[in-house]
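> Residue strings, one per chain:
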Amino acid sequence: MNDDFYIGWETSAAPRIGKFVRAVVLILFVASISLALAFAMVQRSIGVSVFEWGMVKNFSGVLKLEPYPHLLVPRPGATGTQNNFSTYYLVAPFKFGLDRKKLSTLDGKLVSLQGTLIYRGNQTMVEALPDSIKAADAESPMLTGEETIQLGRQTLTGEIVDSKCFFGVMNPGQLLPHRACAIRCISGGIPPVLLVRQTNGTAICLLLVSPAGQPVNQQVLDLVAEPVQITGEVERQDELLILRADPKTILRIK
Amino acid sequence: MSVQYQAVQWNRQKRIYDFVLVGVVTLYLLAFGAATKVLFPFVTEEILLLRAFGTAAFLLLHVILCIGPLCRLNPKFLPLLYNRRHAGVTCFLLALVHAVLVVATYHAGGDINPILSIFVSSPLTHSVAGVPFQPFGFFALVILFLLAATSHDFWLANLTAPAWKALHMTVYFAYALLVLHVTFGTLAGETSWFYVAAMAVGLLTVLGLHLASAQKELSIDSELQNRAADEFVDACAVADIPENRARIVCISGERVAIFKYERKISAVSNVCQHQNGPLGEGKIVAGCITCPWHGYQYVPKTGASPPPFVEKVPTFNVRVKNGRVWIDPKPNPAGSRAEPGLIET
Numbered sequence: 001m002n003d004d005f006y007i008g009w010e011t012s013a014a015p016r017i018g019k020f021v022r023a024v025v026l027i028l029f030v031a032s033i034s035l036a037l038a039f040a041m042v043q044r045s046i047g048v049s050v051f052e053w054g055m056v057k058n059f060s061g062v063l064k065l066e067p068y069p070h071l072l073v074p075r076p077g078a079t080g081t082q083n084n085f086s087t088y089y090l091v092a093p094f095k096f097g098l099d100r101k102k103l104s105t106l107d108g109k110l111v112s113l114q115g116t117l118i119y120r121g122n123q124t125m126v127e128a129l130p131d132s133i134k135a136a137d138a139e140s141p142m143l144t145g146e147e148t149i150q151l152g153r154q155t156l157t158g159e160i161v162d163s164k165c166f167f168g169v170m171n172p173g174q175l176l177p178h179r180a181c182a183i184r185c186i187s188g189g190i191p192p193v194l195l196v197r198q199t200n201g202t203a204i205c206l207l208l209v210s211p212a213g214q215p216v217n218q219q220v221l222d223l224v225a226e227p228v229q230i231t232g233e234v235e236r237q238d239e240l241l242i243l244r245a246d247p248k249t250i251l252r253i254k
Numbered sequence: 255m256s257v258q259y260q261a262v263q264w265n266r267q268k269r270i271y272d273f274v275l276v277g278v279v280t281l282y283l284l285a286f287g288a289a290t291k292v293l294f295p296f297v298t299e300e301i302l303l304l305r306a307f308g309t310a311a312f313l314l315l316h317v318i319l320c321i322g323p324l325c326r327l328n329p330k331f332l333p334l335l336y337n338r339r340h341a342g343v344t345c346f347l348l349a350l351v352h353a354v355l356v357v358a359t360y361h362a363g364g365d366i367n368p369i370l371s372i373f374v375s376s377p378l379t380h381s382v383a384g385v386p387f388q389p390f391g392f393f394a395l396v397i398l399f400l401l402a403a404t405s406h407d408f409w410l411a412n413l414t415a416p417a418w419k420a421l422h423m424t425v426y427f428a429y430a431l432l433v434l435h436v437t438f439g440t441l442a443g444e445t446s447w448f449y450v451a452a453m454a455v456g457l458l459t460v461l462g463l464h465l466a467s468a469q470k471e472l473s474i475d476s477e478l479q480n481r482a483a484d485e486f487v488d489a490c491a492v493a494d495i496p497e498n499r500a501r502i503v504c505i506s507g508e509r510v511a512i513f514k515y516e517r518k519i520s521a522v523s524n525v526c527q528h529q530n531g532p533l534g535e536g537k538i539v540a541g542c543i544t545c546p547w548h549g550y551q552y553v554p555k556t557g558a559s560p561p562p563f564v565e566k567v568p569t570f571n572v573r574v575k576n577g578r579v580w581i582d583p584k585p586n587p588a589g590s591r592a593e594p595g596l597i598e599t
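Heads up: the sequence lines are chains V and R, in that order. Final position of the first sequence in my numbering is 254; the numbers increase by one with none missing. Final position of the second sequence in my numbering is 599; the numbers increase by one with none missing.
Keep in mind that the hints were calculated from the coordinates and are not lab data. Each hint should be verified, as a subset may be incorrect.
To be verified - Using 20 Å as the maximum straight-line C-alpha spacing, the simulated SDA-like pairs for lysine to any residue come out as follows:
| no. | chain 1 | residue 1 | chain 2 | residue 2 |
| --- | --- | --- | --- | --- |
| 1 | V | 248 | R | 373 |
| 2 | R | 268 | V | 28 |
| 3 | V | 254 | R | 291 |
| 4 | R | 291 | V | 200 |
| 5 | R | 291 | V | 45 |
| 6 | V | 19 | R | 380 |
| 7 | V | 19 | R | 331 |
| 8 | V | 19 | R | 291 |
| 9 | R | 268 | V | 22 |
| 10 | V | 254 | R | 385 |
| 11 | R | 291 | V | 101 |
| 12 | R | 268 | V | 14 |
| 13 | V | 254 | R | 379 |
| 14 | V | 101 | R | 365 |
| 15 | R | 268 | V | 25 |
| 16 | R | 268 | V | 26 |
| 17 | V | 102 | V | 92 |
| 18 | R | 291 | V | 52 |
| 19 | V | 254 | R | 378 |
| 20 | V | 19 | R | 381 |
| 21 | V | 254 | R | 440 |
| 22 | V | 248 | R | 420 |
| 23 | V | 19 | R | 277 |
With the hints as extra help, turn the sequences into a complete structure.
Set out below in structure tokens:
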């Protein structure tokens, strides 16, 4: 009869037990690496987005506070037609939007500011240092391209995300694991956007506002990170796609 | 064993155990981190890290939970149990790093207290999204902390083994909370079937091994469960007990380990005073009953650890008659001498 017995405080285990344990340890090492690689490879939620953390840059452009603070930066060589301006959403550090009341005197004026660039696809945002936003000495350029184009009433299905995280501060910055963060960000004033996945896989983002064009942050908190259906008026302001909808009519898709 | 307080009573096998433990965990973290960064270069570092540490903690908890039943099914796994408490502390530390990163990333820097945010930033909405998966993780971490903080023998001695054991059984509650945490968190965000399959395999493995070992335990308990009596009871045949080993029987609802050695029979409680290990699965080594879990030793006829150690277990009076072992169902106080039964020639 094999009467091997393991005692931990002895110098070494019985040969048969030692051989068995070495095999188990080898399996653990192989399983550890294999599972790590497998879990890493099958991740599906990580997209292509950038937050230039630690790289503070200077920006200048026309500050617009409605519906959410954004900066219109004249494009070099603009000819006065549509999209003469690049649009940068503006947010504050951490999970806060910019204080619109404090900036009200600068609305529509040329400003300079310092901040960190965030971008995903054609969506761009600047995490601005609030105290750096100052009126520029130069005169504001003519906002010739900033007319609103109505795109009609539409029903869209997607997910409400906080624009700051989704555009790049966190990657992935969407879906249920990120829900609590998105709720805190939107509660703190970060613009909520409806993320709509098109059938070809590409995503479009629509800034959510009330029918009157006012922020709806507090009204959509319970609907964040879930599949929802929203019916409203879609319009384009330069590069911004805006969805005007009554938050009470947003449907949660089970 | 228990003479004086020491932070860690290091020995060669504990060092090997910890070396392997740290090696396996480190390799996992490096492989996950490197593969994620190569395959998804735009992932943000804090999320890469919180995923690496979170999955590592959950996987390690599966291994920890499987060690116990594996040892009951095959004693060759006992070396994995010897220093399991260090694996438990490692699991807590991995989970703590995950939690700190989660709070710093998802909850800090907002308009409410980050800890409060864990509980109020997942409002119930009567849908899957409304299931508050982060509080599940929070409470599981609290339990893992309690287990890690009380894992030292200092707490085992002061809480007493039954209380300590009961506290450490809450690891199963922590595991259940983490299953919910992962199901309504990770699996709701990552849609690959592989995660669902891995979760199912892990859960079924833990459940299956526990059921299999419980089945084995039941067969021991059912053997003599109706033999409770005031007088000596016929426990087993002498020939049923291997030399220097024991047979476990259940008398009056208590498991008794009956050892055969040097043509003698002695019986003691099956429960080691250290961590309630099964003494009856141990062996007589150097004249002492030796617990299979951590090597605690007791003199068979007294149930007391050899000096200078101080552990004691109850003994039972024994008679050997016509090749049968008879046991008095009333235990003697722990450490009391009970004359061994002599095996007839």
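> Below or equal to 20 Å on CA atoms is what counts here, so check residue 19(V) against residue 277(R).
holds, 19 Å
> Is it true that the CA of residue 19(V) sits at most 20 Å from the CA of residue 291(R)?
Violated: residue 19(V) and residue 291(R) sit about 37 Å apart, past 20 Å.
> Is the hinted pair residue 268(R) and residue 25(V) satisfied, with a Cα-Cα distance of at most 20 Å?
holds, 14 Å
> Holds or violated: residue 254(V) with residue 378(R), Cα cutoff 20 Å?
holds, 14 Å
> Hey, residue 268(R) versus residue 28(V), does the alpha-carbon distance stay inside 20 Å?
holds, 17 Å
> Take the C-alpha atoms of residue 291(R) and residue 45(V), compute the straight-line distance between them, and say whether it is at most 20 Å.
holds, 14 Å
> Can the restraint linking residue 291(R) and residue 101(V) be considered satisfied, given a maximum Cα separation of 20 Å?
violated, 41 Å
> Mind checking the alpha carbons of residue 268(R) and residue 26(V) for me, to see if they're no more than 20 Å apart?
Given pair residue 268(R), residue 26(V) holds - Cα atoms ~18 Å apart, limit 20 Å.
> Hint check: residue 291(R) vs residue 200(V), CA-CA at most 20 Å. Holds or violated?
violated, 26 Å
> Starting from residue 291(R), check that the Cα of residue 52(V) is at most 20 Å away, please.
The given pair, whose Cα atoms are some 17 Å apart, holds under the 20 Å limit.
> Holds or violated: residue 19(V) and residue 331(R), Cα atoms, limit 20 Å.
Since the Cα atoms of residue 19(V) and residue 331(R) sit roughly 11 Å apart, the hinted pair holds (cutoff 20 Å).
> With the threshold set at 20 Å, check whether the alpha-carbon distance from residue 102(V) to residue 92(V) stays at or below it.
holds, 13 Å
Hints 1, 3, 4, 6, 8, 11, 20 and 22 from the earlier list are contradicted by this structure; the remaining hints agree with it.
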